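Chain by chain, the residues run as shown.
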Amino acid sequence: MHPHLIGLVAGAAAMIAVPAAIVGLSDNQRSGSLPAGPRKIEIAESLINYPLPGEFLARGQPAAAPIEKRAVPAFRITKQQVSLADYNLCVAAGACDAADATPSGEDVPVTGVSFLDAQAYIRWYSRATGEAWRLPTALEAAAAAAERFASDSFSAAADDPANPAVRWLRRYREEASVKRPADPKPKQRGHYGRNSLGVEDFGGNVWEWTSTCYTRTALGADGVVESITDNCGAHVLEGRHRAYISNFVRDGKSGGCAVGTPPENLGFRLVLDSDSMIARARIRLLDVLQFVIGNAARRNLS
Amino acid sequence: MFTRRQALLGAAAAGVMVAALPSMASAAPVSEAEIAALPRQKVTLVAPPFVHAHEQVATTGPKVVEFVMTIEEKPIVIDDEGTVLQGMTFDGSIPGPMMVVHEGDYVELTLVNPASNSMPHNIDFHAATGALGGGALTLINPGEQVKLRFKATRSGTFVYHCAPEGPMIPWHVVSGMAGTIMVLPREGLKNEKGEPVGYDKVYYIGENEFYIPRDEDGNFKSYESHGDSYADTLEVMKSLTPTHVVFNGAKGALTGENAMTAKVGETVLIVHSQANRDTRPHLIGGHGDYVWEEGKFANPPAKDLETWFIRGGSAGAALYTFLQPGVYAYVNHNLIEAVELGATAHFLVEGEWNDDLMKQVEAPGPIPVN
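The listed protein sequences correspond, in order, to chains A and B.
For the first sequence, my numbering begins at 1 and goes up steadily by one.
For the second sequence, my numbering begins at 1 and goes up steadily by one.
Be careful, since some hints might not be right.
Computed cross-link-like contacts, DSSO-like style, restricted to lysine-lysine with a CA-CA straight-line distance of at most 30 Å [unchecked claim]:
hint : chain 1 : residue 1 : chain 2 : residue 2
1    : B       : K74       : A       : K253
2    : B       : K359      : B       : K238
3    : B       : K147      : A       : K253
4    : B       : K190      : B       : K42
5    : A       : K187      : B       : K238
6    : B       : K190      : B       : K63
7    : A       : K253      : B       : K238
8    : B       : K221      : A       : K253
9    : B       : K303      : A       : K185
10   : B       : K263      : B       : K303
To be clear, the hints were calculated from the coordinates, so they are not data collected in a lab.
It should be emphasised that the depicted structure is a prediction, and the values quoted were computed from it without experimental measurement.
Next up, chain A with everything else stripped away, as it sits in the complex:
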């Protein structure tokens, strides 16, 4: 089934299932330890120059990502990345799989988590707190990262449409020239300092999952979008450079990275939606969607 079609079907199913899911809200609340409420930073509404994520082809040749001026509505994002200690509470509650992270006595961010792990944590934490937590979109991550936002470090454009190797060789040399020694050991939260908005550790050695799907966009001669292929089996991560990694991968070295040294660690931070009935319903909707899509995916496999 075409992904858009799956989305439609799943969406329709979710609409029907929502009322029941909302009724069930309080039943699902878990007892046990809860992370202390994370400090949040209010990111004011802004207008940013945003290089679109994904890969782009113009007349069949790799092209640079178009940069668009995008309005970003105000949102609240956690000052710090989710910590290993907090993540382990979810593990202790039986709602998350243990992360592939080295135990640490320090207050380190959780690492060794996949997109699916991040989602499991968010489901648990939202249920437990009754608040509407989610991953930031890549656009929100860019806004919150402010001057630390890197996007893709290198041009993706084809240098010579008749000779793709010219581009491969140039990128290889560019990547080799900026290669730095790996420093994968997670640092205490706050180690990398805060940016101009007060958000900590962005662009350190933990790349952050976003809720934005990887896409490939075909552009026409005049830069008009001809087709977009979504692949929500992989998501955008922001960090020192942008990366696209399959949902189940916990280790950044599996590549998926368009350029440069692969991400040293994969982690995440959270966005809090306004605490309204609508926001709560939204979590439920996402839960149900997740369930329905999961089922659809399993059906497709069998």
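We have chain A; now place chain B onto it with these hints.
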């Protein structure tokens, strides 16, 4: 007198010559227009161990041979205990189907990654030149397809496999994404004296090793999805200790009702392919009359081999004329892998027994006492 018109005709004729002989690796690049003018042939692939119908000796000039392969991610049962591999396949089979063309032909592959799949895939042809064997030009996401053309400039049997990025490469390969292309010399196979040799039938044996994680009790684990299986599988892979070594995708896949067949006097070409790990095929009770161990037909074949060595990441070919009827086991002659891990196939050969080659002179009986 040499006219301008004659000169032009001469040039045109030279152009035709080039078009007719694009197989020469050293020839000047052939233009798109010249390739477009070549005859085209659509080939429907068949599942291994069988191979699509093909000419051994090319009866025409070079052509563009079109193939379509659809990538299927699906669970596959790999042994008689019902162990399930979260498999990844070219065209639904492990190994991927064998393609056959002639040296100088153009291979034009449409690779399809249906939206029902979960991962990006691509294809690296060891027979192709440039772009990581085509891998850099064929990476496609679920819901996409791509068309690659490459010129088959070297003859031989060659592996193709999926090669996305980083640890995805070995994982996709040991999940089943490898196959073989055979590029025959236009004039067919030749022995060490340059005399033509042919075959009555061809079998294509893809050997795979699998790395299935076990639970605390030592039982093989099964997973709901590829993603679920990934982390555990990677750990087993890094042990370099496979849990299964099989032919044609599953333990026993080429035995019993699916055993390969031949007749006494028939010449069989056995292509053996292993994309990841060394192996050593052996036909128990038979030989390799002519063996292209490295699989490359420009080299003279070795003769009368007992066991041949297939380097991981290559495919080799052995030609054998069956001389005796019976049941032959075709094994990876690491016999632990053959017997315990699954690398055994069978040939059932019909025909007349030849006492001259072998005879039981005396049946088993008590040891005589003097």
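Taking the hints in turn, this is what the structure says about them:
1. Between the alpha carbons of K74(B) and K253(A) the distance comes to roughly 25 Å, so the proposed pair stays at or under 30 Å and holds.
2. This hinted pair does not check out: K359(B) and K238(B) have alpha carbons roughly 49 Å apart, beyond 30 Å.
3. Of the pairs offered as hints, the one joining K147(B) and K253(A) holds, with about 29 Å between alpha carbons and a cut-off of 30 Å not exceeded.
4. With a C-alpha separation of about 27 Å, the suggested pairing of K190(B) with K42(B) holds against the 30 Å cut-off.
5. Between the alpha carbons of K187(A) and K238(B) the distance comes to roughly 28 Å, so the proposed pair stays at or under 30 Å and holds.
6. The hinted pair formed by K190(B) and K63(B) meets the criterion: a straight-line CA distance of about 22 Å does not exceed 30 Å.
7. For the hint pairing K253(A) with K238(B), the CA-to-CA distance comes to about 15 Å; that is within 30 Å, so the pair holds.
8. Of the pairs offered as hints, the one joining K221(B) and K253(A) holds, with about 26 Å between alpha carbons and a cut-off of 30 Å not exceeded.
9. A threshold of 30 Å between alpha carbons decides the hint, and for K303(B) with K185(A) the separation of about 57 Å lies outside it, so the pair is violated.
10. For the given pair, K263(B) sits about 21 Å from K303(B) by alpha-carbon distance, which is consistent with the 30 Å threshold.
Violation of the numbered hints given earlier is confined to hints 2, 9; the remaining hints are satisfied by the structure.
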